[in-house]
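*Asks:* Residues per chain, in single letters:
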Amino acid sequence: MFLKNCWYVAALKQELIDGRLLSRRLLGEHVLLFRGDSGQVFALNDRCPHRGALLSRGRLEGDAVRCMYHGIKFDGSGKCVQIPGQELIPPKLRVPHYPVIERGPFIWVWMGEAAKADPAHLVDLPYLHEPQWRGIPAYLHYDANYLLIVDNLSDFAHLAFVHTRTLGGSEEYAYVSKPTAIERLERGFRVERWHLNSDAPPFHQKVIQDKAAKVDRRNIATMLVPGIFTMETLFAPAGQGAQAGNVAGAREYRNCQFMTPETERTTHFFWSYLNNFEGEDNTISHSLLNSLIEGFMEDKAIIERQQVTLEEDPGFQPLAILADAPLVHFRRTLGKLIDAEQTPGA
Amino acid sequence: MFLKNCWYVAALKQELIDGRLLSRRLLGEHVLLFRGDSGQVFALNDRCPHRGALLSRGRLEGDAVRCMYHGIKFDGSGKCVQIPGQELIPPKLRVPHYPVIERGPFIWVWMGEAAKADPAHLVDLPYLHEPQWRGIPAYLHYDANYLLIVDNLSDFAHLAFVHTRTLGGSEEYAYVSKPTAIERLERGFRVERWHLNSDAPPFHQKVIQDKAAKVDRRNIATMLVPGIFTMETLFAPAGQGAQAGNVAGAREYRNCQFMTPETERTTHFFWSYLNNFEGEDNTISHSLLNSLIEGFMEDKAIIERQQVTLEEDPGFQPLAILADAPLVHFRRTLGKLIDAEQTPGA
Amino acid sequence: MFLKNCWYVAALKQELIDGRLLSRRLLGEHVLLFRGDSGQVFALNDRCPHRGALLSRGRLEGDAVRCMYHGIKFDGSGKCVQIPGQELIPPKLRVPHYPVIERGPFIWVWMGEAAKADPAHLVDLPYLHEPQWRGIPAYLHYDANYLLIVDNLSDFAHLAFVHTRTLGGSEEYAYVSKPTAIERLERGFRVERWHLNSDAPPFHQKVIQDKAAKVDRRNIATMLVPGIFTMETLFAPAGQGAQAGNVAGAREYRNCQFMTPETERTTHFFWSYLNNFEGEDNTISHSLLNSLIEGFMEDKAIIERQQVTLEEDPGFQPLAILADAPLVHFRRTLGKLIDAEQTPGA
Chain A
0 MFLKNCWYVA ALKQELIDGR LLSRRLLGEH VLLFRGDSGQ VFALNDRCPH
50 RGALLSRGRL EGDAVRCMYH GIKFDGSGKC VQIPGQELIP PKLRVPHYPV
100 IERGPFIWVW MGEAAKADPA HLVDLPYLHE PQWRGIPAYL HYDANYLLIV
150 DNLSDFAHLA FVHTRTLGGS EEYAYVSKPT AIERLERGFR VERWHLNSDA
200 PPFHQKVIQD KAAKVDRRNI ATMLVPGIFT METLFAPAGQ GAQAGNVAGA
250 REYRNCQFMT PETERTTHFF WSYLNNFEGE DNTISHSLLN SLIEGFMEDK
300 AIIERQQVTL EEDPGFQPLA ILADAPLVHF RRTLGKLIDA EQTPGA
Chain B
0 MFLKNCWYVA ALKQELIDGR LLSRRLLGEH VLLFRGDSGQ VFALNDRCPH
50 RGALLSRGRL EGDAVRCMYH GIKFDGSGKC VQIPGQELIP PKLRVPHYPV
100 IERGPFIWVW MGEAAKADPA HLVDLPYLHE PQWRGIPAYL HYDANYLLIV
150 DNLSDFAHLA FVHTRTLGGS EEYAYVSKPT AIERLERGFR VERWHLNSDA
200 PPFHQKVIQD KAAKVDRRNI ATMLVPGIFT METLFAPAGQ GAQAGNVAGA
250 REYRNCQFMT PETERTTHFF WSYLNNFEGE DNTISHSLLN SLIEGFMEDK
300 AIIERQQVTL EEDPGFQPLA ILADAPLVHF RRTLGKLIDA EQTPGA
Chain C
0 MFLKNCWYVA ALKQELIDGR LLSRRLLGEH VLLFRGDSGQ VFALNDRCPH
50 RGALLSRGRL EGDAVRCMYH GIKFDGSGKC VQIPGQELIP PKLRVPHYPV
100 IERGPFIWVW MGEAAKADPA HLVDLPYLHE PQWRGIPAYL HYDANYLLIV
150 DNLSDFAHLA FVHTRTLGGS EEYAYVSKPT AIERLERGFR VERWHLNSDA
200 PPFHQKVIQD KAAKVDRRNI ATMLVPGIFT METLFAPAGQ GAQAGNVAGA
250 REYRNCQFMT PETERTTHFF WSYLNNFEGE DNTISHSLLN SLIEGFMEDK
300 AIIERQQVTL EEDPGFQPLA ILADAPLVHF RRTLGKLIDA EQTPGA
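Chains as they are written, first to last, in numbering that gives the first Met the number 0: chain A, 0 to 345; chain B, 0 to 345; chain C, 0 to 345.
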């Protein structure tokens, strides 16, 4: 069961080039995404209503697509515009379409009722547009339910044990740092966590000069439904009082991660990890991209095995520890929204 | 749910050589096919009733087969004739057998009640015996329900879009040619379709001299339950009045295709594509064999993806267009026959 | 449904070296097996109760293991001893543990109620300890329910047909030899079978000098719940009266095979095939190991296909022959024990 009336990242902008008919499963539905000759991006159900052939194996014709089984043609709104060898077009012969928003490097779609699609509901992340922030948008596929990735991102203690030598830096992180604030939001949570006088973690060391210098590290993470994660990371020289506001000489990152369900047991994972101190080339962005992939692969191994565990034993009830408070709040919040959406007349 | 009291093609004659114990699943049942030393072909359920071992992994002994787990031996009628170390043979220890007819290049079996098996019910295709017709019988396996292949063959518009550069020849075929006659038969349908003054399609061009000459093309297709398709194809010089009966200088083909369910989701596909203008060698038959395989692979990609679509969403209801009339009639006809067979006392 | 209150072989001793965290599924449950720094072997449920991560992907720390997702640590009894960043440990946060016995080359676990685990219930096989008996303990994995392997071992007629050229020796074995005694035991059966004046089977020929000499062969097989098979094999010079007790010049083997369910459809198969006439090196043991593997692979092909047959048609009812009496008794005995265990208050 998914939340449908909201915006999900469906693709990277760079995937829709050269007239590509991109087939992607979203929330269990097969969706065809394409940029028509007019430049507009369209999303249609990827199934010809005649005999069920994939429209994504069809042919792009202007802003329309032709099914290459029996030649039936649909425009970008899903309306049938031609049946070879037949004059009359039955009005029922149409394909569901999904509202689309293209913003920055991502294509978003609205999987619920088209009439309720409102661009104002899209979570806008300014650093995806602001020129000083640079990053390389990327994609990973997970064989796991998207909420297991949300869970993973909800407790930073895992940085210490899963990512000791990549994104975390030390097991100490789990023992000496604690969330300074956990804020329950209407559609998610916000957590702030400081780790003072610590070694810079490996991914950061790789892109700075003074690798041995101690840092005060601050992460502010936000998670919003359906699965929109951002983290503002700051590394300030240790001891100068960053926690009190002195961030002179600090380095900052912005982390955007979008979990879009492919099915109940698989997930599209889009992200961009941005920095504001890149030089003329993309050296730093590439280093960060590689570091993030390295770290995500560590998560992936654990999360995909969790999925297997849950499928084998759907009755397994995890036991929460204190650090799970944000996770528990998020799951409850999302559950209420889904219930409301499923309730007739709501 | 399959129609059981009818003849299905089970194997090519050439598969039963050298004492082979051929295991083939038909209508969900595992069937052992073999030619005994006497020359007769037998079909038995491919499961030892003792502990369920495959008889096809046993040993041919005359017209009998011995299970090589505990050595129990069954004759070609399925009767147990020896239990090593035991004198008395329990009458219940026997294997179901299936009536068999060998005709031309194909082995047919009757999967229903043996008592009802009547050779007169076998659809006899004269060109499979007549010496002027030559072809190479062949086999393909489909990961799709056999009716999706029947559907495919029921609407020739797909020739235009799926097989443009192989069996079809042009997209025009879908727009300018129409069935001149659709005949509903008691056990299927017959469709005639003319395409006048057209280019010869690629598969035909490959085996004729004057590749640029325009042709009047006629296809007469017949589909009979459970999945027996034949097509008589004629290419006459364009404009001489082939439609009115002047077929001087025409070239003809006979197409036989047999869809036998392996399971609900897989199909054995047997065929022979025959011509009557072969020279001394098999050059033309080989060219046609290759052309047909090329075309079938185009169908296979679409049909197997339809199967996935239907399995993912069993509730999907295709929307018929006018060209689907034969398909709809065939499905209804077959459905009635299956219902009648399933009704007790019918 | 498995019998739980009994000892199963879970691993070879040699598998638990170098601090290995061995993950093995037993009776459907994921079990972590490890030898702690103290030398003791522990078995824990291989699932962190916090979020379900595999403990076997964690870190061995003394006689404890730390989950490397969020760093939670459990001792060898399954008790949680540390949660990084949290003082209070909730008593419910613990991992089920399984009693373990290490004996000879095998590690046994008790999968039922720990309170009922009694070392006296372990089937002790003296030749696994006695120095004159030498063999190489080994492991195979079966894609089949363990009872299909039990069935296989319950009827020696299969030696004649499955293992003619390996462990059996001739098809004659099935016709001229018969069980001289079938003894129904409280927890299994015992069968004795003589084959007089026979050729030595290939596996035996390979390790003796006079390969052509006729032998009187005796097998005494015992099967005990849940799936513990032993066979005492003797080859005496033919005709000297071995059946009456004259076993001068005989060669003997001891065969131990342990079937431990992995899941309902897969099995861990442990064994050791021992002899008492080994020289200084392991030449004979290695020859026997290879011969046994060769024979087991012949069984495996049949048994794994039986599994497929039963999964495809769960309603298949095998028809017993006379030789199945031990098998039928064993299945009934095991069934009663499982029923008793499942009955509340029993």
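Derived by calculation from the structure, the hints in this document are not laboratory data.
Wrong hints could be hidden among the right ones.
Identical copies carry no separate label here, and so any pair may be met within one copy or between two of them.
[Claimed, not checked] Heads up, simulated DSSO-like pairs for lysine-lysine below, C-alpha to C-alpha not over 27 Å straight-line:
#, residue 1, residue 2
1, 177, 78
2, 177, 91
3, 299, 213
4, 72, 213
5, 115, 3
Please read these numbers as outputs of a predicted model, since none were measured by experiment.
*Asks:* A separate judgement is required for each hint: does it hold in the structure or not?
*Replies:* Hint check:
1. With identical chains, the CA atoms of residue 177 and residue 78 are at most 27 Å apart between copies only, with a shortest distance of 25 Å across copies and 55 Å within one.
2. Within a single copy, residue 177 and residue 91 get their C-alpha atoms only as close as 58 Å, which misses the 27 Å cut-off; across copies the closest is 24 Å, which meets it.
3. Proximity of residue 299 and residue 213 under a CA criterion of 27 Å is satisfied in neither setting, with 30 Å inside one chain copy and 61 Å between copies.
4. Within a single copy, residue 72 and residue 213 get their C-alpha atoms no closer than 63 Å, and across copies no closer than 29 Å, so neither meets the 27 Å cut-off.
5. In this homomeric assembly, residue 115 and residue 3 come within 27 Å of each other (Cα to Cα) only inside a single copy, at 10 Å, whereas the closest approach across copies is 52 Å.
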